[in-house]
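*Asks:* Using the hints, position chain V against chain F.
For reference, the chains in residue letters:
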Amino acid sequence: MEQLYQEIILDHYRSPHRAGLREPFDAESFQINPTCGDEITLRVKLDGNKVEDVSYETLGCSISQASASVLTDLVVGRSVEDSMKVLTAFQEMAQGRGQVEPDEDVLGDGVAFAGVARYPARVKCALLGWMAFKDAVVRVGEPGGGTA
Amino acid sequence: MTTLEGLDVATIRADFAILSRTVRGGRPLVYLDSGATSQRPRQVLDAERAFLEQHNAAVHRGAHQLAEEATDAYESARARIAAFVGVGPGEVVFTKNATEGINLVAYAMSNASVGESAESERFRLGPGDEIVITELEHHANLVPWQELCRRTGATLRWYPVTEAGRLDLDALELSPRTRLVAFAHQSNVLGTINPVGELVRRARAVGALVLLDACQSVPHMPVDFSALGVDFAVFSGHKMLGPSGIGVLYGRGELLAAMPPFLTGGSMIELVKMEGTTYAPPPQRFEAGVPMTSQAVGLAAAVDYLNEIGMDAVHAHEMALTDAALRGLAEIPGVRIVGPTTLEDRGGAVAFVVDGVHAHDVGQVLDDRGVAIRVGHHCAWPLHRRFGIAATARATFAVYNTLDEVDALVESVRAARDFFGVS
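Read top to bottom, the protein sequences are chains F and V.
Throughout the first sequence, residue numbering follows the working numbering, covering 1 to 148 in sequence.
Throughout the second sequence, residue numbering follows the working numbering, covering 1 to 423 in sequence.
Just so you know, these hints were derived from the structure itself, not from any lab.
From the three backbone atoms N, C-alpha and C, an ideal C-beta is built for every residue, glycine too.
Derived DEER-like restraints, expressed as beta-carbon distance ranges:
{"id": "1", "chain 1": "F", "residue 1": "E92", "chain 2": "V", "residue 2": "D170", "range": "54 to 64 Å"}
{"id": "2", "chain 1": "F", "residue 1": "G141", "chain 2": "V", "residue 2": "G289", "range": "46 to 56 Å"}
{"id": "3", "chain 1": "V", "residue 1": "R385", "chain 2": "F", "residue 2": "Q95", "range": "26 to 36 Å"}
{"id": "4", "chain 1": "V", "residue 1": "G356", "chain 2": "F", "residue 2": "G96", "range": "24 to 34 Å"}
{"id": "5", "chain 1": "V", "residue 1": "P89", "chain 2": "F", "residue 2": "M1", "range": "44 to 54 Å"}
Chain F with its partners taken away, still in its complex shape (with noise of 0.2 Å):
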């Protein structure tokens, strides 16, 4: 279990970067995960491809507010090609039943989710903020993408 729940995640937990909703912002996206009703409100900002700011409020347990969390600095910096392909790696990790060696050059604290990659009920809360960063970017542009 100490896998699992990593010193860098429970730091990011009790102490979570960037957290709650800010103004302005180009995109916002809800997510649920069905299964246990967990929620995330997350917005992003964008200066020019360049993200800006991602700011976010959860409903949920320690792994899904410390991976969103992690997710703000991981992305806020980065051009948004550069965020996907880190969310790419992250989901690929996540995902990977332990089978997946993540490069801590790309994901920084994110290789601290490994451990989560041996626990499937536990993947989705992992995800659930970057689910929610994707489609925050897909939205930037649309008509109604900041009300969401």
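*Replies:* Showing chain V alone in chain F's frame:
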């Protein structure tokens, strides 16, 4: 390990091979998730195997010896299961699960609403008619009624739930347009036992039918549908030491006789011509196609097993476990029971929240210690929303659980608080 009720739990546990396995690196399994699905004793598995090795054939068709034996086994199972809940064999319909049983009634009403038959008039719904449920229902007793109302233009109303986890019966008045009142016998989250007698009385006063979701009561206490006076009731095999893939719909004889079918096809017919078909009498009318057979035999074996112990003893034992869990959890700071906190009108589903620790995380720590509970909304999302929470942790009991296992639960919840630094 003989309890005050004279129940020999050690002997019972020996019938359940799975209970002696270990999980998560050698921890003994403490299975407290029987409300989701129960484990099955050797007797149930043996009955299914014996049927399949000796008598297997398609029932209600064929004239060979195996077909006769299989049909006898199937109908004998029906009779024993019917007697277990105080009804006649002709009033018991086998379905895939309880969810299908509820959908069967909902779709029969739907079919009655588009049909012309005078016989099924009493099941017809239209705009202005009402279906009444409660805020504590499992999605299985909620979504089918939402859908039925959507199809027919009827209105769905519900009794709200109080802070104490009881139905607020004063908050809603049934009307002459109320056609059906559907509710759980025992809440699968709160453990609340609903006042069946009072709800039946109110429904009768306006001429409404009553459907009881008995999934969480039939496995745990003596239940007699005739005595309760309900019109329909459902329960699942896999929550009462029996197989999955089989559920039971009870319908009062004269209602089933007047109700149009849901699924149609083989087995449920009386006379088929290219121009049209007449239907078999119930229960066959509601069992289209070759039914689940070894599962029916297995469920009857589960009923025999429970009868052997005695449902009064099962209930007393589970109440002792529930009492210990309620007391043990109440002593932990920051732990709140969601639902009644005493045994009054209460069954053995114990849902709780731990301040500062999400239910998923509670469940993970428990799992690490071998304690299997359910976390989430337990298919009762509106009920959780009503209490302003996304998820609860839930322990549920069966006849094979022990007081030591309740202690392991309480101990593990303390450990979860320690682990997340909220103690």
